[in-house]
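Visitor: Sequence:
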Amino acid sequence: MSGVALEVKGGVATLTLQNEAKYNALDVPMLEALETHIDAIERDSAVRVLILTGAGQKAFCSGADIAAWGSLSPAEFARHWVRDGHRLFDRIARLSKPTISAINGHAFGGGLELATACDLRIAAPKALLALPEARVGIVPGWSGTQRLVRLIGEVLVKEMALFGCRISAERAQQAGFLAEISEDPLQAAQALAEEQMALSPRAVEITKSMILAGSGEDSGAMIEALGSAAIAASDDRDEGVAAFMEKRAAQFTGK
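Residue numbering for the sequence shown is 4 to 258, as defined by the working numbering.
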């Protein structure tokens, strides 16, 4: 039975895709579970880092389960399957906390796009990356032609998406996609997460927002979030709220 397991330990949340019989392919319940967990992690101040991985040793995620979308009408496929998945992956990419993808095996299609939504990626030596959507008559729908292109460049994405090539972990690291290649990606991700605990959570959050804005990851929202955080710490904001509640004219000081 498919699902997504959540474990929180010492400030590190680990989400594990559990559909090993289908190489951790994503179905509707898994997407819904991921979204629920991501929302909870965003609001949990005790969680400092998120690690995403897959069950077993063969695959991180083989993409979207064809049985989950193969019978959908064109309208349902475009309006719900693609948009819902895209919304979720955007949510992961814009999470206020650092994210690490521990790629324990192959990452194909939606699985590669899921890993791309994380801040850092660590892969097993034998892991392969691919965008095989054209083999089943569809196109990348969860940011493979957008976020992945910004990250590793047009040529490598074209090689995978237009020619069906599979990219080795070594080549992915050379392209800047992987932070590390490790025999035990999850253990390496956990070690990195532990190092992150020594850093200021607020400084990390704001720095991530700045990087996302600079990289074009919903820059408008990121800029407004940074501005809102700055004004929320001001005396003027407190005075404005107090004046509204007390039904009086605000006396702003500019502090």
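No lab work stands behind these hints, which were simulated from the structure alone. Cβ atoms here follow ideal geometry from the backbone N, Cα and C, with glycine treated the same way. Just so you know, not all the hints are guaranteed correct.
Unchecked claim - Each computed DSSO-like pair below joins lysine-lysine, with the alpha-carbon atoms no more than 30 Å apart:
(1) K25 - K12
(2) K258 - K100
(3) K250 - K211
(4) K12 - K61
(5) K161 - K211
(6) K100 - K61
(7) K258 - K161
(8) K25 - K61
(9) K250 - K61
(10) K250 - K100
(11) K12 - K161
(12) K129 - K100
(13) K250 - K161
(14) K161 - K61
(15) K61 - K129
(16) K211 - K258
(17) K211 - K25
Stated by the list, open to error - Simulated restraints, written as ranges between beta carbons of each label pair:
(18) A201 - T39: 22 to 32 Å
(19) G167 - K61: 40 to 50 Å
(20) S76 - V207: 36 to 46 Å
(21) L123 - A43: 16 to 26 Å
(22) M248 - E162: 28 to 38 Å
(23) F255 - T39: 19 to 29 Å
Visitor: Each hint needs a verdict: does it hold in this structure or not?
Guide: Results for each hint:
1. At most 30 Å may separate the alpha-carbon atoms for a hinted pair to count; K25 and K12 meet this at roughly 28 Å.
2. Annotation: proposed proximity of K258 to K100 holds, straight-line Cα distance about 29 Å (limit 30 Å).
3. Taken as a hint, the K250 and K211 pair is broken in the structure, with Cα atoms around 38 Å apart against an allowance of 30 Å.
4. Distance restraint check for K12 and K61: the Cα-Cα separation of roughly 25 Å lies within the 30 Å cut-off, and the hinted pair is therefore satisfied.
5. The hinted pair formed by K161 and K211 meets the criterion: a straight-line CA distance of about 28 Å does not exceed 30 Å.
6. The suggested pairing of K100 with K61 holds, with an alpha-carbon distance near 28 Å, which does not exceed 30 Å.
7. At roughly 52 Å between alpha-carbon atoms, K258 and K161 are farther apart than 30 Å, so this suggested pair is violated.
8. Among the hinted pairs, K25 with K61 is consistent with the structure: their alpha-carbon atoms are about 10 Å apart, no more than 30 Å.
9. Restraint check for K250 and K61: the C-alpha separation of about 63 Å exceeds 30 Å, so the hint is violated.
10. In summary, the hint linking K250 to K100 is not supported, as the alpha carbons are separated by about 38 Å, beyond the 30 Å threshold.
11. A hinted pair counts as satisfied when its Cα atoms are at most 30 Å apart, and K12 with K161 does not qualify at roughly 39 Å.
12. Restraint check: the Cα-Cα separation between K129 and K100 comes to about 29 Å, which is no more than 30 Å; the hinted pair holds.
13. A distance of roughly 60 Å separates the Cα atoms of K250 and K161; the hinted pair therefore is violated under the 30 Å criterion.
14. For the given pair, K161 sits about 25 Å from K61 by alpha-carbon distance, which is consistent with the 30 Å threshold.
15. At most 30 Å may separate the alpha-carbon atoms for a hinted pair to count; K61 and K129 meet this at roughly 9 Å.
16. Distance restraint check for K211 and K258: the Cα-Cα separation of roughly 26 Å lies within the 30 Å cut-off, and the hinted pair is therefore satisfied.
17. The hinted pair formed by K211 and K25 fails the criterion: a straight-line CA distance of about 34 Å is larger than 30 Å.
18. Taking the beta carbon of each, A201 and T39 are about 30 Å apart, inside 22 to 32 Å as hinted.
19. A hinted range of 40 to 50 Å is violated for the C-beta pair G167 and K61, which are about 20 Å apart.
20. For S76 paired with V207, a C-beta distance near 43 Å keeps the hint of 36 to 46 Å intact.
21. The hinted range of 16 to 26 Å is satisfied by L123 and A43, whose Cβ atoms lie roughly 22 Å apart.
22. The beta-carbon spacing between M248 and E162, approximately 59 Å, falls outside the hinted interval of 28 to 38 Å.
23. Remark: the range hint 19 to 29 Å for F255 to T39 is contradicted by a beta-carbon distance near 41 Å.
Checked against the numbered hints listed earlier, the structure breaks hints 3, 7, 9, 10, 11, 13, 17, 19, 22 and 23; every other hint is satisfied.
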